[in-house]
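Novice: Given the sequences, and given the hints that come with them, work out the whole structure.
Number of protein chains: 2
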Amino acid sequence: MLVVQKYGGTSVGSVERIKEVAKRVAKRKESGDDIVVVVSAMSGETNKLLKLAGEFSQNPKKREMDLLLSSGERVTSALLAIALTEMGYESTALSGRQAGIVTNKKHTQARIEHINIKSMERELGDGKIVVVAGFQGITEVGEVSTLGRGGSDLSAVAIAGALNADICEIYTDVDGIYTTDPRIEPKAKKLDRISYDEMLELASLGAKVLQTRSVELAKKLSVNLVTRSSFNDNEGTYILKEEDIMEKPLVSGIVIDKDQARVTLRGVSDKPGIAAEIFRKLASEGINVDMIIQNVGVDGSTNLGFTIHQDELDMTRDAMEAIGASQSVEFDKNIVKVSVVGVGMKSHSGVACTAFDTLADESINIEMISTSEIKVSMIINEKYGELAVRALHDAYKLDR
Amino acid sequence: MLVVQKYGGTSVGSVERIKEVAKRVAKRKESGDDIVVVVSAMSGETNKLLKLAGEFSQNPKKREMDLLLSSGERVTSALLAIALTEMGYESTALSGRQAGIVTNKKHTQARIEHINIKSMERELGDGKIVVVAGFQGITEVGEVSTLGRGGSDLSAVAIAGALNADICEIYTDVDGIYTTDPRIEPKAKKLDRISYDEMLELASLGAKVLQTRSVELAKKLSVNLVTRSSFNDNEGTYILKEEDIMEKPLVSGIVIDKDQARVTLRGVSDKPGIAAEIFRKLASEGINVDMIIQNVGVDGSTNLGFTIHQDELDMTRDAMEAIGASQSVEFDKNIVKVSVVGVGMKSHSGVACTAFDTLADESINIEMISTSEIKVSMIINEKYGELAVRALHDAYKLDR
Numbered sequence: 100m101l102v103v104q105k106y107g108g109t110s111v112g113s114v115e116r117i118k119e120v121a122k123r124v125a126k127r128k129e130s131g132d133d134i135v136v137v138v139s140a141m142s143g144e145t146n147k148l149l150k151l152a153g154e155f156s157q158n159p160k161k162r163e164m165d166l167l168l169s170s171g172e173r174v175t176s177a178l179l180a181i182a183l184t185e186m187g188y189e190s191t192a193l194s195g196r197q198a199g200i201v202t203n204k205k206h207t208q209a210r211i212e213h214i215n216i217k218s219m220e221r222e223l224g225d226g227k228i229v230v231v232a233g234f235q236g237i238t239e240v241g242e243v244s245t246l247g248r249g250g251s252d253l254s255a256v257a258i259a260g261a262l263n264a265d266i267c268e269i270y271t272d273v274d275g276i277y278t279t280d281p282r283i284e285p286k287a288k289k290l291d292r293i294s295y296d297e298m299l300e301l302a303s304l305g306a307k308v309l310q311t312r313s314v315e316l317a318k319k320l321s322v323n324l325v326t327r328s329s330f331n332d333n334e335g336t337y338i339l340k341e342e343d344i345m346e347k348p349l350v351s352g353i354v355i356d357k358d359q360a361r362v363t364l365r366g367v368s369d370k371p372g373i374a375a376e377i378f379r380k381l382a383s384e385g386i387n388v389d390m391i392i393q394n395v396g397v398d399g400s401t402n403l404g405f406t407i408h409q410d411e412l413d414m415t416r417d418a419m420e421a422i423g424a425s426q427s428v429e430f431d432k433n434i435v436k437v438s439v440v441g442v443g444m445k446s447h448s449g450v451a452c453t454a455f456d457t458l459a460d461e462s463i464n465i466e467m468i469s470t471s472e473i474k475v476s477m478i479i480n481e482k483y484g485e486l487a488v489r490a491l492h493d494a495y496k497l498d499r
Numbered sequence: 100m101l102v103v104q105k106y107g108g109t110s111v112g113s114v115e116r117i118k119e120v121a122k123r124v125a126k127r128k129e130s131g132d133d134i135v136v137v138v139s140a141m142s143g144e145t146n147k148l149l150k151l152a153g154e155f156s157q158n159p160k161k162r163e164m165d166l167l168l169s170s171g172e173r174v175t176s177a178l179l180a181i182a183l184t185e186m187g188y189e190s191t192a193l194s195g196r197q198a199g200i201v202t203n204k205k206h207t208q209a210r211i212e213h214i215n216i217k218s219m220e221r222e223l224g225d226g227k228i229v230v231v232a233g234f235q236g237i238t239e240v241g242e243v244s245t246l247g248r249g250g251s252d253l254s255a256v257a258i259a260g261a262l263n264a265d266i267c268e269i270y271t272d273v274d275g276i277y278t279t280d281p282r283i284e285p286k287a288k289k290l291d292r293i294s295y296d297e298m299l300e301l302a303s304l305g306a307k308v309l310q311t312r313s314v315e316l317a318k319k320l321s322v323n324l325v326t327r328s329s330f331n332d333n334e335g336t337y338i339l340k341e342e343d344i345m346e347k348p349l350v351s352g353i354v355i356d357k358d359q360a361r362v363t364l365r366g367v368s369d370k371p372g373i374a375a376e377i378f379r380k381l382a383s384e385g386i387n388v389d390m391i392i393q394n395v396g397v398d399g400s401t402n403l404g405f406t407i408h409q410d411e412l413d414m415t416r417d418a419m420e421a422i423g424a425s426q427s428v429e430f431d432k433n434i435v436k437v438s439v440v441g442v443g444m445k446s447h448s449g450v451a452c453t454a455f456d457t458l459a460d461e462s463i464n465i466e467m468i469s470t471s472e473i474k475v476s477m478i479i480n481e482k483y484g485e486l487a488v489r490a491l492h493d494a495y496k497l498d499r
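Chains as they are written, first to last, in the numbering used here: chain A, 100 to 499; chain B, 100 to 499.
Quick caveat, the hints were computed from the structure, so don't treat them as lab data. Accuracy of the hints is not assured; some may be wrong.
Identical copies look the same in the list; a pair holds intra-copy or inter-copy alike.
In silico DSBU-like cross-links for lysine-lysine, where the CA-CA straight-line distance does not exceed 35 Å [stated by the list, open to error]: (1) K150 / K128; (2) K126 / K150; (3) K380 / K122; (4) K496 / K126; (5) K161 / K128; (6) K289 / K318; (7) K150 / K445; (8) K318 / K122; (9) K307 / K318; (10) K150 / K122; (11) K118 / K482; (12) K126 / K204; (13) K205 / K340; (14) K432 / K118; (15) K126 / K161; (16) K204 / K340.
For clarity, every value in this text was computed on a predicted model and none was experimentally measured.
Specialist: Okay, structure coming up:
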């Protein structure tokens, strides 16, 4: 079996941690698997380099930032290869360049374009454990590039795809993906299996574990993922193709998003075409609109509501002003979005009803609703957020 | 004028220091020169990485050590380029690979084989300040290599040679090369000019400034060197071809070597061929012999004396034992070697006599003597070391 393992910053955050990782890798090698290990920079290192650069410029050249930032992962890869060799396991460290990772030229946020797998294949063929510096590659003209946030995960997934690996294991300091945030609902349970699409919808639950970009890439390349902790031997959460999940749960998880704000425009009917104008303006300003509802009021005028990220509230206010809609607009930051996610919804009716009933039983008013094939999202007053999560978690029996 | 500047670890040891270096480089650029800057790792960084590797292995793989150690200079080069760009000077940072530095494959102690100057020439042609990560290159097959101690100096000298630069400026935290160690003789004066060969003989005086390998390379490539301080604007010491030094001083400097030990074999004549056997054995053990004297004692037997590095005393003792010479051998660590160095000796007689007279006047017994074209070395009792240096410094009027 060919395994790609990726260890994040906290997993390689100290000499002791790197030694633990080496033991884990060695044990896997002993079991007969071929292994490519992708490593992040030791925790704190990348921030240290960012801070250093910040001492010289608020807007440093991105090309030079990439040369700077790529050094952290090189250090970890060399140290892990040294540790493995010392333990008697033939091992070789490869920089992103040496691993054949070619990206586009968008420095600090590059995308992987292709991977020249020759050197990794040669080293694996020699029976070596291959340790790759994550987060980095080179452009077509040989400049060092980095992949942005979550870049080492992307490296691992892309390598697993290129090598046609059997599994890509993402090691962090948490056990996997939970049915909901355990800080809100202590009864939250770790999920054994989940589909790519569910994972994408549960993004905020997995934010510390695996970023959306990596899940999307894994889905595209059909890479089997598992997220596990490097601090224990617990089974993690597998992220697979939907058809590879035998028992599809009705609902996989409940997720809460506290960073939304609601915008309401009242009586927009006096101004024909204003809805189109509003969304055109918001798009041109790069403001992401999440949910949209439109309804006709009792007086025949139309109310238009939508949600945005709280960080974009000021930009949105300016945009509304610019199109002369500031009089009729209201902003509300005191809301949260609670979503119920599950592939089982596709084939089962009544999932959404259970959600509405549950919140009604708790006397929580639902201000907006939007649904997709595998998700029901509801906007409610933020003070009921945690209560709603716990009630829904109970209603769908996610603690069983 | 094309200038190659090299800044050592203390010169780039902090954010403030790097900013000072950027100012110095910018000022030079303003004067109309083209500049390539070669940088070391920030002081302490390389030792930090060595220590980290030491936590995993006492004998880490050299290939991986190179990947590890090369990161420090990459960081500095990126930071300096960012600083220069922020100040409005177009600048680009190049890793050893990007600068085209190709070495042999002796990892951690590689030798530069050639430099592909295309990318440096292109960047200079665009008017940019080129900042190169020192100490590193790549092998023919693309592996990262490092050049060993003083490697960044070697990078700078080799680049200056390849680009046919007008001058290679080596910046450290000292002003230049002195007539002798100022801690021994406070009247020691900074030398304005010195030949490559004198510099090689005065190696210990310049040890903190410039290593022998770099001087040898500069001599071979006819690179004009100057060593200066990056902490002030003092003129440094130029190291030039002998023919480029107009006024050749009789004596340039006095140097003391406290790390020698003397080995004496008495009555070796009883064993024919033993001298050859001894030196063959020492050579096979990799022990460096410096001075050798042989003289016939009053009783007709031969005494053989030689000096070695103190660190190799135990190895030498073992070697003597192995060839059955341990009975007749004496070891003396309480000696020093004091040398008088100057190209003027070639054309002036009497230089050595002055040295002998001077020590005699101080009642210092000379135990061994060796001379070369530009150097007179004397072994004396270590307790007279500093006295001898001061007396000789005076005798040759080096404080004028």
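Novice: May I ask which of the numbered hints given earlier this structure violates, with the numbers listed in increasing order?
Specialist: Result: hints 3, 4, 7, 11, 14 break, sorted rising.
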